[in-house]
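Visitor: So the chains spell out like this:
There are 2 protein chains.
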Amino acid sequence: MPYMPVTESMFLIAETREQPMHAGGLQLFIPRAGQSATELAEEIFETFHSCPEIRPLFRKRPASPASLVGTLAWSFDDDIDVDYHVRRAVLPPPGRIRELLRYVSLNHSALLDRTRPMWELHIIEGLDDGRVAVYTKIHHSLIDGVSALRLLENSLSPDPEARHGTAWWDPALIRRRGPRPPRSLLSRITAPIGQAIDVVGQVVGAAPAAAKIAWTAVTDDHFASPFVPAPKTILDVPIGSARRFAAQQWPRHRLDAIGRALGITFNDVVVGMCSGALRAYLIDQDALPDEPLIAAMPVSMRDDSSSEGNAVTAIMANLATDQPDPERRLSAVVASTRKAKQVIRGLTPLQALTFGAATFAPLALAPIPGFLRSTPPQFNVLISNVPGPAQPMYWNGAQLDGCYPVSIVMHGQALNITVTTTGDQVNFGLIGARKELPSLQRILTHLDTALGDLEKVAGVAP
Amino acid sequence: MPYMPVTESMFLIAETREQPMHAGGLQLFIPRAGQSATELAEEIFETFHSCPEIRPLFRKRPASPASLVGTLAWSFDDDIDVDYHVRRAVLPPPGRIRELLRYVSLNHSALLDRTRPMWELHIIEGLDDGRVAVYTKIHHSLIDGVSALRLLENSLSPDPEARHGTAWWDPALIRRRGPRPPRSLLSRITAPIGQAIDVVGQVVGAAPAAAKIAWTAVTDDHFASPFVPAPKTILDVPIGSARRFAAQQWPRHRLDAIGRALGITFNDVVVGMCSGALRAYLIDQDALPDEPLIAAMPVSMRDDSSSEGNAVTAIMANLATDQPDPERRLSAVVASTRKAKQVIRGLTPLQALTFGAATFAPLALAPIPGFLRSTPPQFNVLISNVPGPAQPMYWNGAQLDGCYPVSIVMHGQALNITVTTTGDQVNFGLIGARKELPSLQRILTHLDTALGDLEKVAGVAP
Numbered sequence: 001m002p003y004m005p006v007t008e009s010m011f012l013i014a015e016t017r018e019q020p021m022h023a024g025g026l027q028l029f030i031p032r033a034g035q036s037a038t039e040l041a042e043e044i045f046e047t048f049h050s051c052p053e054i055r056p057l058f059r060k061r062p063a064s065p066a067s068l069v070g071t072l073a074w075s076f077d078d079d080i081d082v083d084y085h086v087r088r089a090v091l092p093p094p095g096r097i098r099e100l101l102r103y104v105s106l107n108h109s110a111l112l113d114r115t116r117p118m119w120e121l122h123i124i125e126g127l128d129d130g131r132v133a134v135y136t137k138i139h140h141s142l143i144d145g146v147s148a149l150r151l152l153e154n155s156l157s158p159d160p161e162a163r164h165g166t167a168w169w170d171p172a173l174i175r176r177r178g179p180r181p182p183r184s185l186l187s188r189i190t191a192p193i194g195q196a197i198d199v200v201g202q203v204v205g206a207a208p209a210a211a212k213i214a215w216t217a218v219t220d221d222h223f224a225s226p227f228v229p230a231p232k233t234i235l236d237v238p239i240g241s242a243r244r245f246a247a248q249q250w251p252r253h254r255l256d257a258i259g260r261a262l263g264i265t266f267n268d269v270v271v272g273m274c275s276g277a278l279r280a281y282l283i284d285q286d287a288l289p290d291e292p293l294i295a296a297m298p299v300s301m302r303d304d305s306s307s308e309g310n311a312v313t314a315i316m317a318n319l320a321t322d323q324p325d326p327e328r329r330l331s332a333v334v335a336s337t338r339k340a341k342q343v344i345r346g347l348t349p350l351q352a353l354t355f356g357a358a359t360f361a362p363l364a365l366a367p368i369p370g371f372l373r374s375t376p377p378q379f380n381v382l383i384s385n386v387p388g389p390a391q392p393m394y395w396n397g398a399q400l401d402g403c404y405p406v407s408i409v410m411h412g413q414a415l416n417i418t419v420t421t422t423g424d425q426v427n428f429g430l431i432g433a434r435k436e437l438p439s440l441q442r443i444l445t446h447l448d449t450a451l452g453d454l455e456k457v458a459g460v461a462p
Numbered sequence: 001m002p003y004m005p006v007t008e009s010m011f012l013i014a015e016t017r018e019q020p021m022h023a024g025g026l027q028l029f030i031p032r033a034g035q036s037a038t039e040l041a042e043e044i045f046e047t048f049h050s051c052p053e054i055r056p057l058f059r060k061r062p063a064s065p066a067s068l069v070g071t072l073a074w075s076f077d078d079d080i081d082v083d084y085h086v087r088r089a090v091l092p093p094p095g096r097i098r099e100l101l102r103y104v105s106l107n108h109s110a111l112l113d114r115t116r117p118m119w120e121l122h123i124i125e126g127l128d129d130g131r132v133a134v135y136t137k138i139h140h141s142l143i144d145g146v147s148a149l150r151l152l153e154n155s156l157s158p159d160p161e162a163r164h165g166t167a168w169w170d171p172a173l174i175r176r177r178g179p180r181p182p183r184s185l186l187s188r189i190t191a192p193i194g195q196a197i198d199v200v201g202q203v204v205g206a207a208p209a210a211a212k213i214a215w216t217a218v219t220d221d222h223f224a225s226p227f228v229p230a231p232k233t234i235l236d237v238p239i240g241s242a243r244r245f246a247a248q249q250w251p252r253h254r255l256d257a258i259g260r261a262l263g264i265t266f267n268d269v270v271v272g273m274c275s276g277a278l279r280a281y282l283i284d285q286d287a288l289p290d291e292p293l294i295a296a297m298p299v300s301m302r303d304d305s306s307s308e309g310n311a312v313t314a315i316m317a318n319l320a321t322d323q324p325d326p327e328r329r330l331s332a333v334v335a336s337t338r339k340a341k342q343v344i345r346g347l348t349p350l351q352a353l354t355f356g357a358a359t360f361a362p363l364a365l366a367p368i369p370g371f372l373r374s375t376p377p378q379f380n381v382l383i384s385n386v387p388g389p390a391q392p393m394y395w396n397g398a399q400l401d402g403c404y405p406v407s408i409v410m411h412g413q414a415l416n417i418t419v420t421t422t423g424d425q426v427n428f429g430l431i432g433a434r435k436e437l438p439s440l441q442r443i444l445t446h447l448d449t450a451l452g453d454l455e456k457v458a459g460v461a462p
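Here the protein sequences come in this chain order: A and B. Residue numbers for the first sequence follow UniProt numbering, so the first one is 1 and each next one is one higher. Residue numbers for the second sequence follow UniProt numbering, so the first one is 1 and each next one is one higher.
The hints are simulated quantities; they were obtained by calculation from the structure and are not laboratory data.
The calculated lysine to any residue pairs, modelled on SDA-like cross-linking and capped at a C-alpha distance of 20 Å, are:
#1 Lys232(B) with Asp290(B)
#2 Lys435(B) with Ile80(A)
#3 Lys435(A) with Asp79(B)
#4 Lys435(B) with His49(A)
Being a predicted model, the structure only gives us computed values, none of them experimental.
Pulled out of the complex, with its shape left as it was, chain A reads as follows:
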């Protein structure tokens, strides 16, 4: 019975009914020429259902789900109730994107069953534009976002004529491909690391890392340390279990043009958009704090093609939401993320992982009544950026036409923004606590406005 590293068990231990710890993805596919949406949905369903073998990642579950010990060891099921895990659904009329997002919102609120492998896959038809959606839901103790996206990619092909599409969990997908170079946005910072790290190893080096961060914090204005509290906002509250999911995509070349003109990274442009949009949303809600919001940005530390487990740390960015001028706001954001990356770069891999754990540790205490009210938040919002395939991808000839991350929110963490790229598409997925963040979907409009503002700052045409 294999024991879990802390980076996996923490997601089981921290989970409550208000704070489910599963992440997901929403993919949209265009049926190939001559194929109807129902035919594609059936083809996916039948292929996935009839896959003869299921790789161990999709067969493992907490050994004894009702006890604490069960959250520290895995067991493996031989007999998988595929009929339970793989589901077909049809959207109610009129079948707009709105109905699809609603479907995801409602299903993302429900806890996964701990007595079986903790994942689900929903094949959804009924969209008025004829596309088919696939919503996946997988527990964060099994896999992190980068690995999940890599799994998806493995099941797709850049060749529109290829017809060997198989299930996500087909072991043949691993055998078919060898190790590949890392493609995480920040991999140049953290590579070459990502070796297996055991439970004992994770705490080694924590003290020196903390000392190094503390030193940087007192010597550099641009560094948003995890030990300097973020302002209290409507994002840092205890949450209910209901969610709202909002998603939209923009052309990647628009963001790249801004990056090129200003000499900043793609990630800086994404964070700049979030900064402007969150400022506008908080003004809408009459809830903009005087102090700038702090964002945590998870950094993958994986350097091989492995797609299991978690290997994530975080950097902190000042979102400069107190700054009304778009140019000054962007410049403050960029200065902050650059500094944060330098700090991480100076840490050993173990130190960096431990730094990540220290950053997220208070979240595990959030379910304790009163904790959130009396403790200043370490950061206000999580913003992740997970790069996907650079070229158009297909599953049995059906083109992937959008891939939106559906992440996790927590007590004290009512909003998560995760971004992924597929070909020329930049896909924003926003998941938020439904009751605590009214009109969450308006952030999409504000993101669009913020992108336009950055184009003006950069002097590039939309």
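Assemble the complex: chain A is given as a structure, and chain B must be docked to it using the hints.
Guide: Frame of chain A, contents of chain B only:
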């Protein structure tokens, strides 16, 4: 802030992710002449959505959902997110009853959000027979099964031409009708009681009641006492959170003919069917115990038209599953239920309620690891019988064509059988723990066989 009686708060306190404490119902409606299923679904959705007022039962929620105190007092929301509570869904093809039951199975596994009033209503189209289904889900702390069915009835009309159909929660439904006589199957036993009982009052008289039951237990062979343990079976196990729902209906006149021929009650015939079906299912699973199964049967103690709160006690019945002969099995079941009713009849209302609480109390301890393994079960299965309207009923001209209860299972209580009658239909709803009870749906076939067996015993034609 009104405090909850124990009969309400116990359902909040005992609730875990594996043991959600909501019950539900699945109604099927035939669109009126000239109306499509989509038109009826839209009409229900629009009518429910636009209902200008919501009665307090549907606006109350635990005062502070994250703490124990919150499970002891109610608060009332003024602003209801109807868009969250009322949902439209479409079944995937081919839209058989199988797909509908699957929809209910999957949705009944998910916990309700405690930060808002704990109910949902799903309007489901896509059935190949053109009917529209309405699946409701409501927390047991708000309402018991009898009251829920009464609520549903209130929103229907016996007049197929009536067009004043409104939402379940429209306060006009209460104003429209005055108090009515009790119609619970066992109401003649418990009426006239059902007065408001406060938290202190509930424990008065417990000791004398227990003494009386203990005396009956030692002096009468037919009495299945809650203090004599039932055999350990595959029904008395810790459960996971996933559910399977199975449902089927039989003509009421078939059951009535058996009752008339043998001089037994309708309820005796229902329990007789369950007895034969459970014996056959346990033989299928190679899990029939030597000792007979014990069933608990909740008895409503409500005598007015109030449709809020809980007022339920229970009787115990020997299911005689050790008896292969259908005639002898039925006769043992009938002797046992008759005796159990006599005992309840001899109790005061407070004693009867307390007896019910004592019967169900060990369930609250079930989530404690090891408890179920070391403690003999008090009963093996819950069988409820909730009478519905005697005549055909309509909502805006759409005929109610089936009304299946979707109840609760718990640790140590992996199966629940609830039966309701509507016109000449006897609707069986079986909810079970999905992983622990394989091929649960086969019990439906066994129920049909058991009904045939009883017809042979009674010498009546099917």
